[in-house]
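The listed protein sequences correspond, in order, to chains A and B. Position in the first sequence counted from 1, then plus 56, gives you the working numbering. Position in the second sequence counted from 1, then plus 1232, gives you the working numbering.
Mixed in with the good hints, there may be bad ones.
[Claimed, not checked] Quick look at which bits of chain B chain A covers, simulated, 3 or more residues with Cβ under 8 Å: (1) 1237-1246; (2) 1249-1262; (3) 1410-1416; (4) 1598-1608.
[As the list claims (entries may be wrong)] Pairwise CB distance ranges (calculated): (5) B:Pro1597 x A:Pro63: 47 to 53 Å; (6) A:Asp492 x B:Glu1415: 46 to 52 Å; (7) B:Asp1499 x A:Gly495: 50 to 56 Å; (8) B:Ala1598 x A:Pro63: 52 to 58 Å; (9) B:Gly1316 x A:Arg193: 46 to 52 Å; (10) A:Lys64 x B:Pro1616: 27 to 33 Å; (11) A:Ala310 x B:Ala1283: 48 to 54 Å.
Keep in mind the hints are simulated off the structure, nothing from the lab. Heads up, the beta-carbon is just placed ideally off N, CA and C, and yes, glycines get one too.
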Amino acid sequence: MISLPVPKADVLARREAIVAGLRRIVPGEGVIGDALLLKPYETDGLAIYRQPPMAVVLPETTAQVAEILRFCHANGVRVVPRGAGTSLSGGALPLADSVVVGLARMNQILDIDYADRCATVQAGVTNLAITGAVQDRGFFYAPDPSSQLACMIGGNVGMNSGGAHCLKYGVTANNLLGLTVVTIEGEVIRIGGAHLDAAGYDWLGLLTGSEGMLAVVTEVTVRILRGPEGARAMLAGFGSNEVAGACVDAIIGAGIIPVALEFMDRPAIHACEAFAHAGYPLNAAAMLIIEVEGSLEEQAALLGRIERICLDFDPVSLRVAATAEESAAIWKGRKGAFGAVGRISPDYFCMDGTIPTSRLPETLRRIGEMAAAADLQVCNIFHAGDGNLHPLIMFDANNAAQFARAEALGADILRLCVEVGGCLTGEHGVGIEKRDLMGSQFNAVDLDQQRAIKTAFDPGWLLNPAKVFPLLPGA
Amino acid sequence: MTLHSPVDEAGVQAAVAAAYAARTPLLVQGAGTKATMLRPVQAAHTLSLAACAGVTLYAPKELIVSARAGTSLAALEAELAGAGQHMIAEPPDYAQLLGVDGAQTLGGVVATNLSGPRRITGGAVRDHVLGVRAVNGTGDVIKSGGRVLKNVTGLDLCKLLTGSHGTLAVLTEITLKVLPAPEATASVVLLGQTAEAAVAALSAALGSPYGVSGAAYLPAEAAGVLGAGQALTLARLEDFAASVPYRADRLRGVLASFGTAEIWEADRSRAAWAAIRDALVLQPEAGWAVWRVSVRPSRGAEVLAAAQAEGAAGFLDWGGGLVMLTGPATECLHSTITAAALRAGGVWTVLRAPAAWRSVAQMVPAEVPALAVISRRVKAAFDPAGILNPGRIFAGV
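With these hints in hand, go ahead and build the complete structure from the sequences.
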């Protein structure tokens, strides 16, 4: 079980005064102190860990965020920033003596500029709402995490979120132009703007993915892109994980970077098919969903090339969508994957390591062996082009022994990712979940260097302090 | 003046550790082809990475390459081309523009984060730095990122070190994402536009679904270097062989309201974009300064006009967002350009200027006080004794 820092007794003792102070900054229902109303904030998308905060505050302006942080800083109060709380790594898990700063009420789209291809929005705008605001003009915001209906852009910045289409379009960091952030000292700082690239230090790059430890993001300027003429998907089933992996290599080796290249193993195919009835090949050991973009002729030409490559690998199933509807049907199972697993298992962990793609078959084999040894079921659904694995470990949290085995298996899988040359997290963030594994990827010098940067922004370690870095003795 | 030229990371570590112990500043550089950029560094000793060279890992199917910092960019690009791949950010080589000799290194490209025309769609150098090894100011080896395409494990020091001009740590090895080079390319070219019309045309091109990967405007003077008699507005396509003619035709349709566009086929297009990338369409006179200004694209034309009115020459890239300028090294022109950049919501970087004002004028915009405090603390977190390229970007940092 994960450990949290010892709550500050003096802060807990001043709870009422602190809540009253917050109410002076954000009036009315913008401050939550009642235990029952705090309940929804005690956890995030990693729902096995729960800890109610001391209070929640829901500011509506950057100025309020600045006042809140200045107040918390002056009072030595820890702060946990929160967007929609969809983090799968426990990034928004509160601490008992913390104030959660929720950005959900900062949900205004401030500016859309088609000539300069950018939009400025408040941190609480959902990922999909940005695309929703610009799609009538044929534009979109590229990163598309599976939680995009709910997750907020501020949280995407905090975690540097990815998605199924980042092989072509990049992750959050590659699609940002500017940020308004507030430091723990209450200073409002504008980073970047509507132009490309910093002239001095790349604070935008450092802040993106800093998991709320360096500053609180209140406004974000994102690039919006003109969408392609169209997109179409195909599905290919293969006899083994090895063969499917070799086919991925062959596609990329031919100089083709599909806009999406998703991999599902046999357990994932069966779970998704039972849930979505997408017509997935139940006789396949592994399946690829491959999507290309362009005009109808371009789609046909590219899919034809990919189909010919797939045929070299004895596919047990090959289905090229002829229409947008058929593409949607192919995606339907993949997009419902979490629901599908939720249907067959009371709980699951969605892991998020990345591996060198050349180590794919070996890694999947070893995950299978480790799962069998732990007497747990794992299905694998992942972004094959970039090696970002999402093993889903199924368990029942009410069965303490099984829960413990699932936690241990998850840690072992992530250590395996590091061992084969990869990393602990490709797009979900370290949060609380992978914090204690950081030592497997970084040595003490690397971690101390990162901690020193945290200290430079937040000398008192008040901003999301229990995340990302293993707790130091005495914390 | 001592020149340290270690051949490996251990040698870099030893040189930095010795400098740290003695509190002696180091001028950290690759081949020195960008030594005219920003502020001059006052250091008794130079640490050159040029001898730390060589590709250490190249896995084309994984789209990654790792190389030591001193690897010449030309050698790296040749190795990638051998496997049909390329550097996504298309980094420029400014040696000829700036009048310096030498072959730029990978470390120098990463330390300066200078990206070429493809920046607008492909991303900057910093977007493709997947992993770094570096020696910080106390002589410790630090690493960040790794060799995989998606990685959010811990703070992203790759991005912080990219573009930090050697002021935080000495890069020793870098892993980059690379991509297959496009099968074909061509440009759709409008002749004789004003800068304002050109930016509007390029905005329409970039707002089209045809994947424009370069969007530049050359006023008549710069266009003349390419042998053209009038201003050129160029939109580049890079794609599969069958797609390029189709997309060029459609793009010409998008631009029809701006004029009748020519199609420049592969060789002519490549030659033009190489000259744009390296800013060879600018021909600074001896003693002239060179500025690189990044602004909101729709405001690029006004920055260009303001500088031209004070005697500068220039051109636009990135659909108007990048304004490359050269002109007499006068305070008047410098303040005109910096004021115009600020009005246009952007930033500037001085690529070359007389020594006399490199240490007094702002080579990049000053940071707001709250950020400047953080800069100094972050500098100290890497380099507590202030020995790595001190003062290169900001005085005292």
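Hint check results:
no.	hint	result
1	1237-1246	violated (count 0)
2	1249-1262	violated (count 0)
3	1410-1416	holds (count 4)
4	1598-1608	holds (count 6)
5	B:Pro1597 x A:Pro63: 47 to 53 Å	violated, 43 Å
6	A:Asp492 x B:Glu1415: 46 to 52 Å	holds, 47 Å
7	B:Asp1499 x A:Gly495: 50 to 56 Å	holds, 54 Å
8	B:Ala1598 x A:Pro63: 52 to 58 Å	violated, 41 Å
9	B:Gly1316 x A:Arg193: 46 to 52 Å	violated, 36 Å
10	A:Lys64 x B:Pro1616: 27 to 33 Å	holds, 29 Å
11	A:Ala310 x B:Ala1283: 48 to 54 Å	violated, 38 Å
In this structure, the hints that do not hold are numbers 1, 2, 5, 8, 9, 11, in rising order.
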